[in-house]
Amino acid sequence: MKADLLIEKNEKSLKELLFNSSDFKFSDFEIGNRSYRLFYLETMIESIKVQEHIIRPLLTNVNGTIREAVSILDYCETDQLSDATKALVEGKTVVQINGEAKFYLLGTELVKERSINIPMNERVLRGSHEALNENINTNLNMMRKLIETPDLVIKFYQVGRRSNTKVAILYLNSLVNEVVLAEFERRVANIDIDYIEAPNFLQELIEKKHFTLFPKILVTERPDRINSYLMDGKIAILTDGSPDCLILPVSFWAFFQSPDDYQIGWLIGSAIRFLRILAFILAFSLPGIYVALVTFDPRILPFEIALTLQSSMQYIALPPVLEAIAMLVILEILREATVRLPSPIAQTIGVVGGIVIGTVVVQANLISNMMVIVVALTGIASFNIPSYEMSSAARLLTYPFILMASMFGLIGLEISFLLLLTHLSRLDTMGIPYFYSWYSGETIKDTLFRFPIRSLKKRPFESMAKESTRIKTPRG
Amino acid sequence: MRKAMLLLLLLPLLTGCWDRLQLRKLNLVDVAGFDFNDENKEIELYYLVTKLKSTGQGSGEATSQVTKLKGPSLVETIGQGQYTDQAPFIGISTGTYILSESFASHDPVSELEFLLQTPYSSINIPVMIFEGNIAKFLETVPKVNKEFSENLNDFSRALEMNRIIPNISMMNLILSREDTLEDLAIPVIKQADLGVELSGALLFRQGLNTETKLNKEQVQMMMLMKGKGSGKQRYTGMIGENGKGHNSTDKKNERNYGFSVKKDDSSITFTSKDKKLQKAKVNVHMEINIFDLGKSFHENKPDYINHMEKELSNHLKDLAVTTIESMQKANCDILGIGRELKSHHPDIWKSVDWRKDYPLMKIEPTFDVQIMNSDVE
Amino acid sequence: MIHLKKISLNQLICLVILTQVGVSVLEIPYAESRHAGYDSWMSILIGGLLAQIVIFIIYQLSKRYPDQSLQQYIFSILGKPLGWLVNLLFALYCAESSLMVVISYADVLNRWVLFQTPFFVILGITLVVATYIASSTLRSISTITQSILNMFLICFVIIFISGMGKGDWRHFLPIGTHGIGAIIKDSLPAFWAYAGYELLLYVFPFVKCKKKKHIFIAMSIANGFTTLFYLLITIIVTYNFSESQLNTITEPMVYILRKFRWPVVQSLDILFMTIWLSVTTVTVFVYMFLSARYLAFVGKKEIRNHPLLVWIIGILCFSVGIWFSDRQSIFKFSEYHNKATMIMIALVPTIILLISYVREKVARE
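Protein chains in written order, with the numbering used here: chain A, 107 to 582; chain B, 5 to 381; chain C, 297 to 661.
Extracted from the complex, chain A is given alone in its bound form:
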């Protein structure tokens, strides 16, 4: 709808378009023979900018145009009411001179954000301690500072019909694979939903339907990690209002990498990386192994161990399967509770939950102490994994493994392993395989172990980068 000449009429139309929001304000002043009216949403503007850079220059500059007077960078002219409404909602000030059917849109957005803090969920010993925050412009600024080359391309999208959330896609133009990029941009552009809440809505809307526990897109809140993945030729997605960044395409092994591995020497880094993967395997199979050994195949245990286990289980009422599942559920309950506890109580409840429940439940002859050891080890091992999604997947995987172990013993465990392996091998992100064996080709250098930086000559296979050599001559 076009703007009207008279201010009063425009004011009425704008008020209707904004459905009579109470924060829609206007202020008039007359200078010379012109009367100006400023329309704005008082919750969105930064008053100092309006006062210093719009009202004051206008007051002094009597006869010039608004463009000559005002010292605002973001300047736009329009005569459509819809544009003016959109600008108002974004926090811009709309100026109209009475008698002109033109709106001047001036950028005066108020920016309030959390300061840059240490990362909440991804702490490391060595490496930067900066994390992304909720403002997309600050995040993009951090990324650009880390990669100061014109090769870094940022593309904006507006996603969500009603929420109009800003989404930014970052990639390095000389490395990224064009096919993957085109496919991905097509998918983002095709999202048709009311509003998205990053990161997970975006994650689920982009990926094909795939019934799986495992995360296929990596979520991180550290700019240094995003930097290293961009350098590998991957694509990063930032959303306004969320401090999490999505990285794709990733492989299964990326979920076990942490910046720590690369900052400490390669031998120690390899050992810790190997430990993490061992912890992953323990996390889903240890209760299953215990149940299988005790229920089905005690023949494998030597006599002394069998005797000790037998005596610890002597007076327990529940069969080992139910013990295991009950303890695992209690562990999950404890974990969920500690996330939601207000901080003063958290420590106490942690002690109560852990020590008291653990001790008392054994003394009441409900659960054997071997089972408490097994479950505690399982829980701790699963938290060794850097990615929260992956560790939750590992913890949930335990249950089917226990069930299969209790039905067929060690054979059941073996079958479950095979099925897990198959499931992982069939997954793919956009045609790129998700899981590959740890020693196929170049990948041996960064999966179970981390080889020295000098020998990590090629980029990882799954990013399908255009140029895969990283290092030309490592030493002079």
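It is worth saying that the hints were derived from the structure and are not from the lab.
Among the clues, some could well be false.
What the hints assert, rightly or not - DSBU-like, lysine-lysine: derived pairs with alpha carbons at most 30 Å apart: (1) B:K285 x C:K462; (2) C:K509 x A:K564; (3) C:K462 x B:K346; (4) C:K301 x A:K572; (5) A:K563 x C:K301; (6) A:K563 x C:K506; (7) C:K508 x A:K572; (8) C:K462 x B:K230; (9) C:K657 x C:K376; (10) C:K462 x B:K366; (11) B:K220 x B:K283; (12) C:K462 x B:K360; (13) B:K236 x C:K462.
Using the hints, position chains B and C against chain A.
Below, chains B and C without anything else, positioned relative to chain A:
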């Protein structure tokens, strides 16, 4: 993925879970004793079941219970087990098998053969022969001595580790019947207060009891001649003045000796004429660390050391000759002479009928002792 | 979308090794020592050599049509109706092989690990898992196989540690007294144990390599590794048991595995047989996959629905397999199957190769 999970879930839901062997319901058999009752020609089986009571904080008290089963043959006796108690007896982690002498003399291998094919049986457990009344022993001692079974199991494994006599597992015993060249010497134990002690070895020829026993000294000799004597154990005894054993009447001139063997090599050589075997020689070369030579050590002079080496060699040779005599009388080839002959001299082997010729063969042991740790320059 | 279809040389080697090694690991060298006695290790070596010769023949055949697999170029050699027949025969042979392996191993499990579980349950579980895996793409299958190679190496280590110990090297001496005739006669039962390289007939165009010769080298490496493995087992068994003892034990490896005793774990035979289940499942699903691929080319057009074919084959195998729950019928079946293997793997590719040579000569003239 979904199809496979559904199908897999269907299978057990339809039927049930088999093969469950719940650990806490098992009776873990620690020691199994086999006896043959001559009066009523029945096999008697003793299971020693051990349980740990009142565990916690790193302690525990072991209690053992003995169950006795009777039956005409071993297989049927074990079958009786399911009628006497609710929990199944599982010999899966048995520590030792003890056979009584009467059991061992009534063709034990045919009775024990079924163990190879049975599920849940443990066949790599050492076998020992008990000298004395096994029924009284197993019914009285474990009740009084709480650590009996643990000591017995440790003892049987220590025999092998300290190289006193190698362990014979049940599988070796059963399979020895198939091969003409597999003759075994099974350790014999007897009661000593509330425990057991080794009293020698019983010779088995191809799975049949030869009723001949070797005493402890002869067992030592056997180990030395087989080349397995080196290790922690000590060889002690007495030498007479002229190299005779302590049977000599002149007790005052006898000397003690004590040594431990550092290296023990033994080889078997044959001399033959016209493709017929004349005699076999067992050459043993030993390097020993001596710690007692009768005279105080620092008085030893070099020629005394040489003299002692020769005396020791002769003394050991005499002992070996008696050992070999008993082995030949029992027609039992523990030293592996037959196997050596077959592998290295197949043409001579063809002309020999081993079981007939072995007792009549001339076997000559020679010892070459070298004392390694003499102080003298 | 990117779809990767080629497999690397590394994956080819893993596939071939794991398809070749199957159930027979527990029975070697019983069948090979019937005539050769303690010289069965030489029979094993000769078996490996025979396999190498057949690999060479198959490689030559595949090299003539480097961009197509057997199902496609058989039509240009033999013509339509005969080509269909050959495809059908191969499909039946592969299905029969996978059935053979599944039944043998289910029987082994039934006798040593799961005693009371009904036969059809063990059979059913293995077949369901194998069918599920076989219905994926070749790339997924090779990834899975590469990961299972790790488990194979664990089993290798287990065999090695339990085998060494008390034994006698003199069981091997004197070497060679059984005579060449007996040794060669005993290498024929080993032929089925080495079968697995015929997957090259299908896989040849899908291997990513710089030169085609590398494929031959990779296959030879795989075959060499399998030969080494079988040789090691034979040596361990002969070291532990003498010839006359071996006559009475049909599955010597099981007793050897039980020997080992550690403070933490004993009776390694159960552990070994559990982990070995994965390795035999590789053989089963590779054969099922091949069978479905051959079956897809029987008929006027290529049938594209691969998972459907695999499930049909799986259900057929299950229904036939239930009848084989006693050991006697398994013995008979395996003897028949050994002969079928020799014909299908050795004779048929040779004949096809000769026909294709002849055709080329005729075409040139």
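Hint check:
For the hint linking K285 of chain B to K462 of chain C, the alpha-carbon distance of about 25 Å falls within 30 Å, and the restraint holds. For the hint linking K509 of chain C to K564 of chain A, the alpha-carbon distance of about 26 Å falls within 30 Å, and the restraint holds. Taking the CA atoms of K462 of chain C and K346 of chain B, the gap is about 20 Å. The hint holds against a cut of 30 Å. For the suggested pair K301 of chain C and K572 of chain A, the alpha carbons sit about 19 Å apart, so the restraint of at most 30 Å is met.
A distance of roughly 25 Å separates the Cα atoms of K563 of chain A and K301 of chain C; the hinted pair therefore holds under the 30 Å criterion. With a CA separation close to 20 Å, the supplied pair K563 of chain A and K506 of chain C stays within the 30 Å bound. In summary, the hint linking K508 of chain C to K572 of chain A is supported, as the alpha carbons are separated by about 26 Å, within the 30 Å threshold. Our distance criterion of 30 Å between C-alpha atoms is met by K462 of chain C and K230 of chain B, whose separation comes to about 14 Å.
At most 30 Å may separate the alpha-carbon atoms for a hinted pair to count; K657 of chain C and K376 of chain C meet this at roughly 21 Å. Distance restraint check for K462 of chain C and K366 of chain B: the Cα-Cα separation of roughly 29 Å lies within the 30 Å cut-off, and the hinted pair is therefore satisfied. A C-alpha spacing of about 27 Å is found between K220 of chain B and K283 of chain B, which places the hinted pair at or below 30 Å, so the restraint holds. As the CA atoms of K462 of chain C and K360 of chain B are separated by approximately 29 Å, the hinted pair is consistent with the 30 Å bound.
Of the supplied pair hints, the one linking K236 of chain B and K462 of chain C holds, its CA atoms being roughly 20 Å apart against a limit of 30 Å.
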